[in-house]
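Listed below are the residues making up each chain.
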Amino acid sequence: MRLRANPNRMQLLRLKRRLLLAKRGHKLLKDKQEELMRRFLGVVHRARDLRQEVEDELAHAYRAFVSARFEMSGSAMEAALAFSQRIVELNASRERIMNIKVPNFAVEFPESAEFGYGFADTTAELDNALELYAGVIPKLMRLAEMEKSVQLIAAELEKTRRRVNALEHILVPNLEETIRFIGDRLAEMERETATRLMKVKEMMRDH
Amino acid sequence: MSKIAFIGDRDSVWGFKAFGVTVLPAAGVEEAQNAFKAAVQQGHAVIFVTEDVYEVCAEQIAEYRDQALPTVTVLPSVKGSRGIATAEIHRAVSAAVGADILSVSGDN
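The listed protein sequences derive, respectively, from chains A and B. In case it helps, numbering that gives the first Met the number 0 puts the first sequence at residues 0 to 206. In case it helps, numbering that gives the first Met the number 0 puts the second sequence at residues 0 to 107.
Do not rely on the hints blindly, as some may be mistaken.
[To be verified] Straight-line distance between alpha carbons at most 27 Å, and here's what the computed DSSO-like set of lysine-lysine pairs gives:
{"id": "1", "chain 1": "A", "residue 1": "15", "chain 2": "A", "residue 2": "31"}
{"id": "2", "chain 1": "A", "residue 1": "15", "chain 2": "A", "residue 2": "29"}
{"id": "3", "chain 1": "A", "residue 1": "15", "chain 2": "A", "residue 2": "26"}
{"id": "4", "chain 1": "B", "residue 1": "36", "chain 2": "A", "residue 2": "26"}
{"id": "5", "chain 1": "A", "residue 1": "138", "chain 2": "B", "residue 2": "36"}
{"id": "6", "chain 1": "A", "residue 1": "100", "chain 2": "A", "residue 2": "31"}
{"id": "7", "chain 1": "A", "residue 1": "100", "chain 2": "A", "residue 2": "29"}
{"id": "8", "chain 1": "B", "residue 1": "78", "chain 2": "B", "residue 2": "16"}
{"id": "9", "chain 1": "A", "residue 1": "100", "chain 2": "B", "residue 2": "78"}
{"id": "10", "chain 1": "A", "residue 1": "31", "chain 2": "A", "residue 2": "158"}
{"id": "11", "chain 1": "B", "residue 1": "78", "chain 2": "A", "residue 2": "138"}
{"id": "12", "chain 1": "A", "residue 1": "100", "chain 2": "A", "residue 2": "26"}
[Claimed, not checked] Here are the in silico distance ranges between beta carbons for each label pair:
{"id": "13", "chain 1": "B", "residue 1": "64", "chain 2": "A", "residue 2": "65", "range": "23 to 33 Å"}
{"id": "14", "chain 1": "B", "residue 1": "64", "chain 2": "A", "residue 2": "12", "range": "37 to 47 Å"}
{"id": "15", "chain 1": "A", "residue 1": "175", "chain 2": "B", "residue 2": "90", "range": "35 to 45 Å"}
{"id": "16", "chain 1": "B", "residue 1": "9", "chain 2": "A", "residue 2": "38", "range": "38 to 48 Å"}
{"id": "17", "chain 1": "A", "residue 1": "78", "chain 2": "B", "residue 2": "90", "range": "37 to 47 Å"}
{"id": "18", "chain 1": "B", "residue 1": "100", "chain 2": "A", "residue 2": "22", "range": "22 to 32 Å"}
{"id": "19", "chain 1": "A", "residue 1": "74", "chain 2": "B", "residue 2": "90", "range": "28 to 38 Å"}
{"id": "20", "chain 1": "A", "residue 1": "93", "chain 2": "B", "residue 2": "97", "range": "21 to 31 Å"}
{"id": "21", "chain 1": "B", "residue 1": "90", "chain 2": "A", "residue 2": "1", "range": "11 to 21 Å"}
In case anyone wonders, no lab produced these hints; they're calculated from the structure. Computed from a predicted model, the values in this text were never measured in an experiment. All residues carry an ideal CB built from backbone N, CA and C; glycine is no exception.
Work out the full structure, taking the sequences as your base and the hints as a guide.
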């Protein structure tokens, strides 16, 4: 589609400058898109594998926990869980990947610390179950971090892709068409002037 | 205060209490929505939700989709996984790439 512009030299120059800018922007965005895609594919495959792993391990831990629950009274369980000393420390920060803010979680885990509850009224099953939970928690954090990155990079990629397409398929062709049109018009006008001058000259000679 | 919260049915979330995770047992729809609101207001960086909670809180959760924090992650409950999180990743991929490349490579 041709843009609305008066066919004169001023407009022609302006449009040519805009075309140059649009092309440069397109190239930059295209580079950005490629780099985003590269990172995206890297993280998305890892996220999928980790998700699978976490779901399997978590199902395992759940089973152990539920069977431990059957062996203990509710109140003893409540007390045991409340007195546990293995508190997970989480340091959450934001990290920038290509100007996208993604979360970064550092988990601090007292790996060797005892559960703080007494041995008398808890069962070995509970210990086992909690051990499984302990193994899965750092992975949960990694998973949360990675899936969030996937979401954020995906959104950014989509936005970038739209922009690249808009430049490539709409703005640049429109500018080129308009520039060609104005160029043609100017050449036509020049020829018109030349013939008119020649005609006038001829008429003057006849007199 | 803990920066991790877990919202879901009692059996799923309970065990995490031993690790200092804020557990918010939620049974009904309203309870889940209130729990999610509370978890955000208390400034948790990571909020885990079970698939059931994710479904009833989808609108609330979508508000935080574009922010780095809080991060909301779906986990299976004791009843097992229905693959909601995996579907979510697939959706993100097809939106970003224009084709669901994961399921293609998954078939191989």
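Against the structure, the hints come out as follows:
no. : hint                     : in the structure
1   : A:15 / A:31              : 24 Å, holds
2   : A:15 / A:29              : 21 Å, holds
3   : A:15 / A:26              : 17 Å, holds
4   : B:36 / A:26              : 43 Å, violated
5   : A:138 / B:36             : 25 Å, holds
6   : A:100 / A:31             : 16 Å, holds
7   : A:100 / A:29             : 20 Å, holds
8   : B:78 / B:16              : 19 Å, holds
9   : A:100 / B:78             : 34 Å, violated
10  : A:31 / A:158             : 11 Å, holds
11  : B:78 / A:138             : 20 Å, holds
12  : A:100 / A:26             : 24 Å, holds
13  : B:64 / A:65: 23 to 33 Å  : 32 Å, holds
14  : B:64 / A:12: 37 to 47 Å  : 45 Å, holds
15  : A:175 / B:90: 35 to 45 Å : 37 Å, holds
16  : B:9 / A:38: 38 to 48 Å   : 39 Å, holds
17  : A:78 / B:90: 37 to 47 Å  : 43 Å, holds
18  : B:100 / A:22: 22 to 32 Å : 29 Å, holds
19  : A:74 / B:90: 28 to 38 Å  : 44 Å, violated
20  : A:93 / B:97: 21 to 31 Å  : 28 Å, holds
21  : B:90 / A:1: 11 to 21 Å   : 39 Å, violated
Hints 4, 9, 19 and 21 from the earlier list are contradicted by this structure; the remaining hints agree with it.
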